[in-house]
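Visitor: Chains as they are written, first to last, in the numbering used here: chain U, -5 to 191; chain G, 15 to 598.
It should be emphasised that the hints constitute simulated quantities derived from the structure, not laboratory data. Since no wrong hints were added, every one of them can be taken at face value.
Partner residues are not named here, just some residues of chain U that face chain G (Cβ under 8 Å, in silico):
id: 1; residue: Ala22
id: 2; residue: Gly39
id: 3; residue: Ala41
id: 4; residue: Gly44
id: 5; residue: Gly45
id: 6; residue: Leu61
id: 7; residue: Pro64
id: 8; residue: Pro100
id: 9; residue: Leu101
id: 10; residue: Val105
id: 11; residue: Ala108
id: 12; residue: Tyr110
Below, a list of computed lysine-lysine pairs in the DSBU-like style, where the Cα atoms sit at most 35 Å apart:
id: 13; chain 1: G; residue 1: Lys494; chain 2: G; residue 2: Lys508
id: 14; chain 1: U; residue 1: Lys19; chain 2: G; residue 2: Lys54
id: 15; chain 1: G; residue 1: Lys592; chain 2: U; residue 2: Lys141
id: 16; chain 1: G; residue 1: Lys222; chain 2: G; residue 2: Lys138
id: 17; chain 1: G; residue 1: Lys534; chain 2: U; residue 2: Lys75
id: 18; chain 1: U; residue 1: Lys173; chain 2: G; residue 2: Lys54
id: 19; chain 1: U; residue 1: Lys75; chain 2: G; residue 2: Lys592
id: 20; chain 1: G; residue 1: Lys583; chain 2: U; residue 2: Lys141
id: 21; chain 1: G; residue 1: Lys534; chain 2: U; residue 2: Lys173
id: 22; chain 1: G; residue 1: Lys508; chain 2: G; residue 2: Lys534
id: 23; chain 1: G; residue 1: Lys549; chain 2: G; residue 2: Lys583
id: 24; chain 1: U; residue 1: Lys19; chain 2: U; residue 2: Lys173
Don't be surprised by glycine CBs; every beta carbon is placed ideally from N, CA and C.
The residues making up each chain are set out below.
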Amino acid sequence: MKKMPNVTNILLVGVGGQGTILAGKILAQVGLAQGLDVKMSEIHGMAQRGGSVVTQVRMGEQVFSPLIEPGEADFLVAFEKLEAYRWAQMLRPAGTVIINDQRIDPLPVLVGAAVYPPDIVPALKARFSPVLLAPAQTLAGRAGSEKAANVVLMGMLAAGMTIPLTIWQEALAAVIPPKLLAINRRAFAAGLETFGN
Amino acid sequence: MRTLLTGNEAIARGAYEYGVKVATAYPGTPSTEILENIAKCSEIHSQWSPNEKVALEVGLGAAIAGARVLVAMKHVGVNVAADPLFTAAYTGVRGGLVLVSTDDPGMHSSQNEQDNRHYAPFAKIPMLEPADSQQAKDMVGLALEISETFDTPVLLRLTTRVSHSRSLVNLGEPGERAVKPYQKDVAKYVMLPAYGRQRRLFIAERDKRLQAFAENTPVNRIEPGDQAFGIITSGISYLYAREAWPEATILHLGMTHPLPSQMIREFAGQVGRLFVVEELEPYLENQIKAMGLPVTGKQIFPAYGELSVTLVKERIAGALGRETAGREAEPRPFEAPGRPPVMCPGCPHRGLFYVLRQLKLTVTGDIGCYTLGALPPLAVLDTCICMGASISGALGMEKGNPGLARRLVAVIGDSTFLHSGITGLMDIVYNGGTATVIILDNGTTAMTGHQDHPGTGRTLTGQPAYKVDFVALAKSLGVKRVTEVDPFDLPKVKEVVSREIAVPEPSVIIARRPCALLVKTPESPVVVAGCNACKACLRLGCPALSFPEGAGSVEVNPALCTGCGVCTKVCKFGALRKAGEENA
Ligand code: SF4
Ligand code: SF4
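Looking at chain G on its own, in the form it has when it is part of the complex:
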């Protein structure tokens, strides 16, 4: 049977067909749906871990115990998991272990566009790169096989366009989910320096065997054609190159570490000019150049953003001095105003951010929906770096510039706090910081589509679980001042924040309200009467509030308004009222 699957669904299907027994991840676009789909298969233990490092460690443990394992994360998640990854390369595995990294060229939903292919040579593990969903599924099987044959974790690297594009996949029957018998093996799994040195030699020898494998694996293949020039490519770039140059000779690499150098040399000998078509860094190009082969790559292609069929067509044609029928961009009568993403109507973060802005505070931000608070009109964040950096960054700002201390807050979501905010908070207490940390607890991992975490009391598969107590947790780290507030109660929020920033000791405020998208029965929309046209409420940036030209009054869109009431507390004239309180 053939069916249309996204790359992520195909990875999940691969896990099902190729005997994966344990699957772990922390959600992150564009990787999230991999585990969401694996979770539908009851034969596989699937779980959200609090962060990617834990996810990989759980995965490695399961592989050492003898099970086949898949661990998934977005590109920046691999940075978090890099510590276990680099040593897993030494220990190797018992059951196969595949690490799926989904990179995000063009930064559709990420803070950077690092090229994770570099992790493969850096950590000394083999890497596969699928171009479409069929390959994504097949490569889960191949990766597990390589992992077990060569005793190594395997990196399976996708990009957004592979993860989130649907193409046809042949479905197969699920194989056995057998667990290999466990045996203690100290020299292999206890990485004391003496054992580590032995394993380092093993890696050197494993690299050689993998190199030979790369020369012969069918996922590296030459598609013959016109030999005036040749293209070496991998991943989604293969599809762009194939479409742009239907007659060209192409070396399509499915395994991109180690590279099949013999094959590449032979290919170079068959064609005239040699091009490398790859997104982001000159990863293939630099290695091919190091073989002494002349090749054109980043000289004509950008080392950032995404490629496209048009780009591949035009740049290669240009380098060959060939004509292309380039299209003139048609002049447009007017520019379309932008449509940036916004926090939802009724989002619990909005009112809190409004208060922080009123108080003119310095705000270190973090990763989640609330990062959108950096955009106008709220424009409240000063920084956003990586998961957890709001808290540790606030401590650094205070130490670096003590003048900031009494107007500094860190804002972080519940899921992000559990991911990597706890250690930062511990550091604030330990090293005498005084910043105020605001945990925006909306009871979910909202941005990636509402995943559970240890603070929601539910697991990936919907099982009840212990719900982390944020108050007790903060107190146990040594924070004496912990306050809970309802972020819809603006006067209270203002009072608490003003009080806590003034105190020269660590404090935590937990602003608790469920994500607006999880509230199934929103309240009636607010009503407007007697608007003074001051437009103060528009500074909330709620999509349900507008001030149409010439209207003379603010308008509420009843289809969007959730009746959260935040705007009613912002209006000084009482013109916005909750339904039923019109005459209050």
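With the rest of the complex left out, here is chain U:
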């Protein structure tokens, strides 16, 4: 299928309540700061009660649909490992996968009706490159609050994209409330450093 020229597609997936929407807002701001058209799509309602959730961000000269088509995501940022695997079919073949090394068992696993797959990361590494994995929670905790795990993941994403860091810094300042900004800047730096930038 012909791809819209110059549109970057980023899929943020996780479990309801993990903060994918805030991360999406930072990303959208990064797009706007580059003078790009941006669309973002989010999930509210029933799925937010611990279900699988997805936030989609698209940026480019002109973006029509707010949704990413299967096989067209350039980046997959997974806030949880199983969700990385679930949504991987949305990636294009050379897509980048960024994973928070966290396991949250869904209810069927908790009650013993299903098994949490043990080989998620190797399965993803066999198909995609790069696959970046880091304990975002722990890194965020060190930066001052585990809640900033979503911003650690944005730091990891920034390492995988070629967008000037000043733009990311501006986006953080635009989206994060001032009193939490210092913690989140540290969280972002921690994510970025994980991949040697």
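Assemble chain G with the ligands onto chain U, guided by the hints.
Guide: Only chain G with the ligands this time, still in chain U's reference frame:
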């Protein structure tokens, strides 16, 4: 200034910019954030009404009084509000009245996926459909203008993807919030049959004028391109079609009732084959076919679920006999287990449902977080239809099959009970029903994100209000047996439920505990010692409890557990204990 807004935020911004003075709603996904955002604007009176019918009636009253009004609800809410809507189409308005309906194709958070576009021709009111947030904002202004010019309510129809997608919006300055002078006008606002008949003729004439307007409004427009084929589309489907076929000629309809038939005819004459791209029902397609124009639509597209760029690309290419580079789905080494939504750890509904399951009762359910009690492992509900149907449905089950009577309970949330459970309860008393009604009072409208209602003692804007007394209310309807219980006290819950279902008269149990997400300081997590591996507690379906393979003991996730203690009452071996009671 340009900023990124969701469709719902853009609607709220439109209300602010285009002089809305009164805004009403009942929360429902995907419409909820419209009023939550309007409430930030102190110049607008905004309120949650107990249900959508009341919301629209309040709105119509305000419009008759001369104010500009916006009323918002999810698609099924319009069913509740249909009664005033169909007659508001007759009375018309003084100040502009726009009814926002947010449909949910694909049923992300709904019990059905009805296509509310049909309401516009059915009620005989004009309809606008935005594709993105800019249009959503602009169309609030256009809808109010149409409403006042043509003396009619206007339906503004969004879908989940429009409501919950962010796109760039140009912000404007707020206009005047003027109120038109009030004048009594009996023939217009008192719908006696004689006056109604006059207004029916007015509608026939109004339809003609609206038809002419539709031919010329800039929200209906042709985007020229390759004329081998043409696409007629509206709403979010326009964006899918535009992206799928960048070179195509497209007729993008922003006003979809009445349709601009002249324009459609001309468009059909300009292009080769004609396609209609629309989600859900063949709404546009059937009307275009009725004009005698050959068109391809639902023959190649599903009449359910959502469309996508890929679907629009592939199906039209297929119909044209063109090749598309279809992607083979890559084989996956294993399947990912599902992650269904679940009730939160510490949810007050969990223990109560556990008891209902133990007692093997027939349970009519309702709309809210507690609908999740239908899923395993609790799997306790027998029905869930619409707001309020738990109570009236229980009466029907009892009358239809008296054998069910002594093991029948209805469960309904506090907000849902006030929305449309009261009349059902009145009916149980009036018609000699004996079912037990359990009101799950968690002090909020939880599922949609914790909105206030007349039972919380607070309004949308945070003002204190009278708090409905559920006990007094049930008693005044004639229910003599009303019991309050703490849903965390499982032995008590079991005792009360067993007692009340056995009694051959109506009874109400109020299970009262705040929603776990509203409890700011949860108790310490429970601790495990001496687990017998019977796994009985796992039947609670609490996300904080697990039994890892090979562990030999249940585990509590201290990051999730709220210390509600429900599991401690389920464990027969005393292996789960509240913190501080380990040695009890
Ligand atoms: S939001 Fe409240 S009512 Fe809903 S599942 Fe969670 S605790 Fe229960
Ligand atoms: S583990 Fe037990 S105490 Fe903790 S939230 Fe779940 S049911 Fe309540």
